[in-house]
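2 protein chains.
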Amino acid sequence: MPDLPDRPGDPCDEELAALDAHWRAANYLSAGQIYLLDNPLLTEPLRPEHIKPRLLGHWGTSPGLNLVHTHLNRVIKARDLDALCVWGPGHGGPAVLAGSWLDGSYGETYPDVGRDARGMARLFRQFSFPGGVPSHVAPETPGSVHEGGELGYSLAHAYGAALDNPGLLVACVIGDGEAETGPLAASWHSNKFLDPVHDGAVLPILHLNGYKISNPAVLARLPETELDRLLHGYGHHPLHVGGDDPRQVHRDLARAMDTALDHIAVIQRSARAEGVTDRPSWPVIVLRTPKGWTGPAEVDGTPVEGTWRAHQVPLSGVRDDRGHLRQLEQWLRSYRPGELFDAEGRPTPAVLACVPEGPRRLGANPHANGGLLLRELPLPPLERHAVTVDKPGATQHEPTRVLGDLLEDVMTRTAERRDFRLVGPDETASNRLQAVFRATDKAWQATTLPTDEHLGRHGRVMEVLSEHLCQGWLEGYLLTGRHGFFSCYEAFVHIVDSMVNQHIKWLKVSRTLPWRRPVASLNYLLTSHVWRQDHNGFSHQDPGFVDHVLNKSADVVRVYFPPDANTLLSVADHVLRSRDHVNVVVAGKQPGFDWLDLEQARAHCARGAGIWTWAGTEESGREPDVVLAAAGDVPTQEVLAAASLLRRHLPDLAVRVVNVVDIARLMPSGEHPHGMPDAEFDALFTRDKPVVFAYHGYPWLIHRLAYRRAVHGDLHVRGYKESGSTTTPFDMVVRNDLDRYRLVMDVIDRVPGLAVRAAAVRQTMADARTRHHAWVREHGTDLPEVADWTWDG
Amino acid sequence: MPDLPDRPGDPCDEELAALDAHWRAANYLSAGQIYLLDNPLLTEPLRPEHIKPRLLGHWGTSPGLNLVHTHLNRVIKARDLDALCVWGPGHGGPAVLAGSWLDGSYGETYPDVGRDARGMARLFRQFSFPGGVPSHVAPETPGSVHEGGELGYSLAHAYGAALDNPGLLVACVIGDGEAETGPLAASWHSNKFLDPVHDGAVLPILHLNGYKISNPAVLARLPETELDRLLHGYGHHPLHVGGDDPRQVHRDLARAMDTALDHIAVIQRSARAEGVTDRPSWPVIVLRTPKGWTGPAEVDGTPVEGTWRAHQVPLSGVRDDRGHLRQLEQWLRSYRPGELFDAEGRPTPAVLACVPEGPRRLGANPHANGGLLLRELPLPPLERHAVTVDKPGATQHEPTRVLGDLLEDVMTRTAERRDFRLVGPDETASNRLQAVFRATDKAWQATTLPTDEHLGRHGRVMEVLSEHLCQGWLEGYLLTGRHGFFSCYEAFVHIVDSMVNQHIKWLKVSRTLPWRRPVASLNYLLTSHVWRQDHNGFSHQDPGFVDHVLNKSADVVRVYFPPDANTLLSVADHVLRSRDHVNVVVAGKQPGFDWLDLEQARAHCARGAGIWTWAGTEESGREPDVVLAAAGDVPTQEVLAAASLLRRHLPDLAVRVVNVVDIARLMPSGEHPHGMPDAEFDALFTRDKPVVFAYHGYPWLIHRLAYRRAVHGDLHVRGYKESGSTTTPFDMVVRNDLDRYRLVMDVIDRVPGLAVRAAAVRQTMADARTRHHAWVREHGTDLPEVADWTWDG
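Residue numbers (numbering that gives the first Met the number 0), protein chains in the order written: chain A, 0 to 792; chain B, 0 to 792.
Simulated from the structure, these hints should not be mistaken for laboratory data. A portion of the hints provided could be inaccurate.
[Said to hold, decoys possible] From the structure, some residues in chain A lie toward chain B, with a derived Cβ separation under 10 Å: (1) K211; (2) H493; (3) K551; (4) Y697.
Just so it is clear, CB atoms sit at the ideal spot from N, CA and C, and this is done for glycine as well.
One chain only, chain A, in its complex shape:
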């Protein structure tokens, strides 16, 4: 690369030297974390006992991350920027920890690991050490909202953080490995949804260090013209920086950052002051530096620096191989630690010259600890939106449409604050939440046509046909202290299984860190659910997300099955107020019966599970002969229809009807905070009566939750068993043996003595199923007696 002439604003030689000092210090600290158990300042010759017994961590990406850290410090300080950085290659934990230790925020968060020799020794020792800190950027890392383990989500997180934060710059380092993932590839188009007026800026820094674990990276091997076309095609203007001469790279990177930030300032000024509405082309920095830069060039005659071999620990035999040990010492001393740290291990003024102050430091920006900024969501009184229910089962509503009215109200109440967003994959209206469009638009910065509806540059509903983007944006938004709601087709939320794993893990660990303040929960509305896929069929039927999340931390995960409109409102109100949870709410969008008025709904949801006395024979005062239980809206309807059939056909049978909203209530109290004590469970479900449980999802989940209960041997669960197709609603429940007739047969089969006495009733039920099969195949609709059924309580 030719030496460039100075330009106004370019760093002078002295500043370049200081930047380099900071970078060398960070590189030294990064390598030290991987290798050193002792002798952190190399005050004595390196000996095997100074070396960690297990060498763990990722060196390869660390020098590049350190370089970015150094230069972000520079521009933050020079421009007094409010900035976050999302570290995509966060497996380079040593780098981010080094930067935070250097800016002092690490020692403020963890006073034992302060900015001196003792703290440095602890910083080194704790890294990837049992009882210490993880090898990746993690909740434990100050300044981060992004776990660096699983790749793919950095850019979506960055956009989520920037939304509704007009004064914020979110830098985002994207590794060339991560750039190959699907979620990241889709994330580039997030700029079509970023409002230059109300949102902050995202500055992607594509770090091409050439290699992944053992392969070249695809983007690193594109000719520059092809990569430029790609980035232009993504709506970005690329600025290239690269090389292996530190001085040159420092100057070029400083210049590129200045250019990018000037460009961003122009974009924002045009949009905000001049009302320009053209979608801007945002800058992106392409940074090409060698993998493992400044580390060993060769080890045992094999090239390491600049190759995939630098990915993790470039010198692995240090404790046993004197040559490796010597090479490590040379490497560490190449940073000239004596120039970087004083005798007490404190960074010298030159090293700290670029570091900003207070909350401007990347390790201390409050946006990265979003709970600090979180405000209570202004929720309306539910009475405004509750449906009137004079008696159970007399009226019908689309529950999600009722919820939409509530969400509209929240949107209206947050119109000025702009701290609430709704995300979904192109399904807000399909999921019947379109009332929100009376209060806001769908965010859209691309061109519009007269046939479009509800698109707006300042909208706060985010729709894109990518569950990954919805999830990533929302995570970034929540972790920076705002509120949100994700509505999704039930089957396709599995697309983000792995992302929600990581978010739950993040919250689980965050809850153990006193300095991390609680953030708003991640709330899912799963609708267009398994039982009503009339347009779609088998591929759209999957209720297994609940099973998936219930494997995760009980401190974090909550799952709700509101059976009607008012219970959905009550649950929504609860989850929107909650903190540090992942709440999964499963509710239908099709018209369904209203069972409870608002007061009853609130009481029922507060208990999480309860006897519906009006639906069974509780008034008789008799012990139940059988318990009919339901979780889910469609199962609730079938259970009530079954209860009604039992009342008609077997009037002397004592039937209890139990409804479960909060599925974790079924778990033992020692395993989930919402779990019921045995006595309470037994009071609901009995200890020894047959329980016929109609469940929304895979039936074995209920067994998994309840296997320790006294009644478990008498628990019979019906649910979805993968028998699906494009068919009618009632045919779906019949195919899966969840229908009212089958439930009545189950009762007859399980209540002692009933099999003989009620044989004729059983046959009537079997006949009804046969009649259904014939009818649906002939008419393509459900039996009139089913379609027109109403609760006759």
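With chain A's structure known, arrange chain B on it following the hints.
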């Protein structure tokens, strides 16, 4: 769009008219499927009773799919192409069904739905009708290898189909909605892995119809220059076709297809005959046509054609609204069915003029029914690769490295046939399978550098940092009749949870279709598993994929936990021979003890679960006091260490050691084909003795599988309970209470009478755990007694 002058090879007016006739016929048949229950040829005026009671399906994308079908027919016939089409917007099922009905393949597959009036009536009625066919492209659809329900995977499937099929053209229609998904966005770069010599060609057709369900599509709203840059950046050369004048679009699309196919022919000739190795720029067709083209322009005064309102059923009130009914009739008659079908409902010669013959038809290409082409995989005798085991626990191997030798052998034996591929996200070597690189390379068409290793233009190992691409490529490869293996970090296979859902569903349905021949199973090796994440920690720890897949069809899903190298070989041999399964194999890559020789391993794997007599006290002939069971390599080691401790400390305790390889053996025989009858289960686990079960994953899975067994009340399971970090291997098991000391304590706590008698032993175990905690935090390594432990049987 200006009228273009004729060029040589352009279709003449007569041919254009015939193409239009085919397209109109397909459009007529598509609309007919959505609406008509009767009167298929409109031989009488349309009356409400001719209309389906439930109007379901997706019209919007259908005309565009039909257009592509028509024009693919043309070029297949003109060039005698061997071609498949992957229909990304396969929710437009009516279109693909129409094309297959028109080419006669539908009637050959389903003789009741032949190419006449009776067949047409059935085609219409069955669509989205109970007992009929799904609304999407599905396994039931002849000519398809791609379910059209969940969006995102079409292009990866297309590339998978093209690999090692040098004579095949795989067209792939990508909807503009699908194009927003992460997996699709990543799939564009698949061309960096496509070998122009040994692989076929993929022709992406990006169909921009402008709208998704209710929003404009991002790519449809890019300025054409920006879209072009994007596609060039993806490594493609775009050819644009668009408009709403059918004649013009027919001619332009014919021309674009000819240009694209000429271009592909040049690329292939250059690579194959001239040895050109530059990565080519492959053509892509960008097709812009109105959504719901030729459907109602307006309904009730609101624009429909060309807008999002055309997505599903554009006229919804047809049965009740006379105006809608009239409009539907006008719409259907606008295709002039009388010109398209004769009085018997047979398509006229003009309609069929473009349709190719026999297996060239898209609905009849054998690649789309890959089992027809599948050959037995030439597997070597396992004796070649088995490790010698003279006695249990005396030697150690890295199991996946031993597997790598087997896979190398398979690679060698398929070098000419080229019908076996290994896929993985950049982890083949990390997962210790690098022996395969002695037999083949990693597929790579981009530039190479001297520091690269094992990259080759003709390699059959596919590495890319995208689990989505690995999965999509492999699915496409398997469904077209080849074999493969996917090695993946255990935690990150969740990234493809939703894809594997759809593949299992595909296989489940395929198994019920006699004409779909069995295909090779999709085999996962999950390694770098939860217990050995030394470099990574909590984010990389997740054994829940097993739970996820076990929710799915028992006919399809198999899960294996081979405990050592030889059992892994035996399982691998089995799964590579199997058909129509999804096999999940969980095995470690770290050195582990060899327990069984090959013969024992084969017998043990054939049983799936068995008593390890040598490890317990079976020789004594006594009934066991306790059963120690394990599934998984690390749990097996801990169970054997516990058995050894029990032998030493409580020599008079009768201990049975059971090992489970095939986890479905635990299920009732009625619920899974591998499930054990109760008698067999009881013979292994007893009916009433305490069972301490050490399981690789989430412990409640074992309860879910075994809750109906007699011994269930005495079953105590240890497993992963989300207590993870970056730490030592033994610290991981201690944190999760799966360690040998804890297991011994569990035995003491559960065997009646032992609590008192063995109180001192219990304290010894508790002390060992305390000693561990102190040691690991001080030294960062495991206790020497653990690190140096060997089986002393």
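Item to complete: Please name the hints from earlier in the document that this structure breaks, with their numbers sorted from lowest to highest.
Response: none
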